[in-house]
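Colleague: Sequence:
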Amino acid sequence: MSDCCQNCNKAIRSHDGVHLMGVEGDPGTLLCGRCYNEMMSVSMELDFEHPDFAPISVTDCAGDDHDFEFRTHLHGEVVKIDALEVHNGEVKGYEFSVLGDAEEDPMDLFRVLYQRMRDELGKKYLTNADHPQIAEGSVKGRVEWDEETDGDLPRLVIDGREISWHEMGRMLMSYEGWRFELEVHDCDDMVGVVQADSDES
Numbered sequence: 062m063s064d065c066c067q068n069c070n071k072a073i074r075s076h077d078g079v080h081l082m083g084v085e086g087d088p089g090t091l092l093c094g095r096c097y098n099e100m101m102s103v104s105m106e107l108d109f110e111h112p113d114f115a116p117i118s119v120t121d122c123a124g125d126d127h128d129f130e131f132r133t134h135l136h137g138e139v140v141k142i143d144a145l146e147v148h149n150g151e152v153k154g155y156e157f158s159v160l161g162d163a164e165e166d167p168m169d170l171f172r173v174l175y176q177r178m179r180d181e182l183g184k185k186y187l188t189n190a191d192h193p194q195i196a197e198g199s200v201k202g203r204v205e206w207d208e209e210t211d212g213d214l215p216r217l218v219i220d221g222r223e224i225s226w227h228e229m230g231r232m233l234m235s236y237e238g239w240r241f242e243l244e245v246h247d248c249d250d251m252v253g254v255v256q257a258d259s260d261e262s
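Numbering (the numbering used here), first residue to last: 62 to 262.
In short, the hints are calculated from the structure, not lab data.
For each label pair, taking beta carbons as the anchor points, the in silico distance ranges come out as:
1) Asp108 / Cys248: 25 to 33 Å
2) Asp126 / Glu237: 30 to 38 Å
3) Glu237 / His134: 39 to 47 Å
4) Ala196 / Cys69: 40 to 48 Å
5) Ser118 / Glu138: 27 to 35 Å
6) Cys69 / Gly238: 54 to 62 Å
7) Asp108 / Val200: 36 to 44 Å
Positions of the beta carbon are idealized from the N, C-alpha and C atoms, including for glycine.
Generate the whole structure from the sequences, applying the supplied hints.
Modeller: And the structure:
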């Protein structure tokens, strides 16, 4: 499949393409995020202008820099803006997102997203070591697919670091005999509509 948009012919970042499925025998159409959003906004008669957010680097509380690129996609009348940590063109590490009305100012959504990024990078849940431990008795991160177990076990991303389920179990063993709580939250909050757990990214 081509890595160029079939509408504007510009190169598509690996994490920003949208493949529109065709009918039987039709391979479909690959669009960049901008062309897809413009097509969606016209078809839904939305007052939406695709924003171009430049990549940024954010420093965490340990003084380490994290490089982020942004992706904006329309989902009906809702717009989703993602901040994706990128290493050598590959999405790996922290991910943040925010949802909002497609017709509100995207800069307002970006400011909410950026504050979430700053807040989360201002915390460390693991000790910074080759064999990390849970720093203060609580931990927060993201659940991902682990190809090495074919999805039988999850892979976790904590402090932007990939942690296997085995590693997580090893860290929990330092709390043998203790009680624990497990809470799972949706990764997206609708800004201006859903405010519950608004401190969760």
